[in-house]
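The listed protein sequences correspond, in order, to chains A and B. Once you know that position 278 of the first sequence is 458 in this note's numbering, the rest is easy, because the numbers rise by one and skip nothing. Once you know that position 159 of the second sequence is 893 in this note's numbering, the rest is easy, because the numbers rise by one and skip nothing.
Hints should not be assumed to be uniformly reliable.
Cross-link-like lysine to any residue pairs, in silico, SDA-like; alpha carbons within 25 Å at most [to be verified]:
1. 314/A / 982/B
2. 933/B / 897/B
3. 304/A / 250/A
4. 275/A / 968/B
5. 300/A / 897/B
6. 300/A / 933/B
7. 275/A / 933/B
Because the hints were derived from the structure by calculation, they are not lab data. In this text the structure is predicted, and so the values were computed from the model without any measurement.
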Amino acid sequence: MMSVEVLRTENLKSYYILDIFGKKKVIKAVEDVSISIKENEIYGIAGESGCGKSTLLKAMFAAVEPPQRIIGGKVIYRDNGKEYDVYHISEEERKKFRWHFISYVPQGSMSVLNPVMKIKEIFKDFIETHTKGKTKEEIYEIAESHIRDLGLPSGILDAYPHQLSGGMRQRITIALATVLSPKVVIADEPTTALDVVTQRGVIQLLKDIQALKRNTIIIVTHDMGVHANMADRIAIMYAGRIIEEASTEEIFENPLHPYTRYLIYSIPKFGDKKKRESAPGAPPSLSNPPSGCSFHPRCPFAFEKCREEVPPLKEYKVGHKVACWRVEEGENATA
Amino acid sequence: MVKYFLTRFLQFLIVVFLSVTLVFIIVRMMPSDPVEKTIAQITSTGTFLDPSDVEKMIKSLREMYGLEGSILSQYFQTWRRLITLNFGPSLSFFPTPVSSIIKESVFWTVGLLGVVILVSWTIGNILGVIAGYYSKKLPTAMKLLDLIFMIIRPIPYYILAFIFLVLFSYLIPAFPSQGAYSVGMMPGFNLSFIIDVLKHATLPALSMILLQTTMWFQSMKIISTGVTNEDFVIYAKYGGISNHKIIFRYVFRNALLPQVTSLSLSLGRIFGGALITEIVFSYPGLGGTLYSAIMSSDYNLIIGIVLFSIVAVSLGTLVLDFIYPLFDPRIRYS
């Protein structure tokens, strides 16, 4: 089956440009990211805190607000066979894509519901903005049938946010983001700050939505367990760059990048009493990233070339891309 | 919900009880005796008084002031006066009862301040929320308004009031400079009298509205700048919801809550706050009446006004507390 592309980034660069007492500080949060996301897949983006995951999502959602800026590259949406370069259309046109084509479940979505409005009024505001000429009753009907489809109690539409638990609020936010059946749903750390049982419910909800609406979900989390459970493909991000991308099984069974290995070998397993090892040191500062491969100061296999040149993201096996000089060298040796 | 109303009502009763008791105690701890002071005032004018007359006078004055009997019976007397709103006759306007003096001046105070508070609170909050929402990229008109308000805000009210008086009553004689209505006008419910009253109220009202609007504007601006950075506002922006909807349904309704609270706090300043207005514009009202009562040691009138304002301010706060759940569902459904 040929899978159709739905969203693509080309050499996307997004920086935070801060002005601290007249001194400019540039944080290179997203550096040369080119990913291609297909219709009907769950695409996971993993990485440590502060590696640029959320920045990448905001850039893809085209919700960039200062101090964040798009420095270069493109974000392409593919809707009904037509391609749209998101940063070359007007703000009004960009807004039209929201909720219909792409929507967003933000990080910490506990507090994205207005505390003084009923859930159904919040739904109404979002639906009303993106549909024309519907009566209040029709809009409530859309919200209610969507809530019912997702297996959530329809009574919660009459509740206020403070009357709901954190897990329910998270699920409502997901329902709110998917109410108009967007082709792409971006979920930023949807399970963070929830207990494991609720996490499971939220993951199940996202999977159900995907099965029901056949849309694409881009999920970002540092929790490799969630990725293993959900994603079809995973991209590993480090210091603003994608350093490895492959199908979920491939990533877990045959990780090539040393950083990915650290990530995966740090997950505890039943019956395995070996000491878990994590990557030594801390993630680099994005305002002053190391030269060459940004992982080299923490990499046990680093050699001269790693310190000097940035390794390109190259496909070494079908569907498995890595950015690592060591893999490149090994490839050359065997060839 | 019932618990909320009950607690607020209980609080109201406790506040009134404590403050009335406190006023009762403070007055009795004053070093000067109002009765002796009155006698001294009369004798200082050179009037000769028979010692037996003085004796009789003291007795009737004590009765009039509610200073007869034991402390406890005096205390109950104070409460009886408050509940029946019968504070005895005023001394400086003898024999007009204190209650009718209060009734007359409270009409002007509530009329003037009611309009001032309502108008300035509404305008200040609406302009403030817009300025707060757009604080990162303030439109030029708003920037100008912000600057003007920043200049006006620290001007002491008595100077601002004088500027108004000189500008609009002397240099441009558009409005009368004093009184609540023209001398010789018969108070009554007819058009010419109402227009006359409005004309007289314009300057005092405008000067207060201007200053209080800047106050509400600035605090609302700060509060709504904070609310604008809340997740639910950012998310609504992501959702493409129109700005005016976000401003009024998301930012305003949340930023309003602390403003309702400070409105009820500001009620306490009503009676004192209007004093300068009343003096500058020679406008009748409770503040001015209290001031002249203090100047002429009109003991009954002072006590009457103080007790009355305690009850009125607490009652106003109670009413605001009662309507607060309308603004905040978190209280309505707790």
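Hints, one by one, checked against the model:
1. The hinted pair formed by residue 314/A and residue 982/B meets the criterion: a straight-line CA distance of about 22 Å does not exceed 25 Å.
2. Between the alpha carbons of residue 933/B and residue 897/B the distance comes to roughly 18 Å, so the proposed pair stays at or under 25 Å and holds.
3. Of the supplied pair hints, the one linking residue 304/A and residue 250/A is violated, its CA atoms being roughly 32 Å apart against a limit of 25 Å.
4. For the proposed pair residue 275/A and residue 968/B, the alpha carbon gap of about 14 Å is at most 25 Å, so the pair holds.
5. This hinted pair does not check out: residue 300/A and residue 897/B have alpha carbons roughly 52 Å apart, beyond 25 Å.
6. A hinted pair counts as satisfied when its Cα atoms are at most 25 Å apart, and residue 300/A with residue 933/B does not qualify at roughly 49 Å.
7. In summary, the hint linking residue 275/A to residue 933/B is not supported, as the alpha carbons are separated by about 51 Å, beyond the 25 Å threshold.
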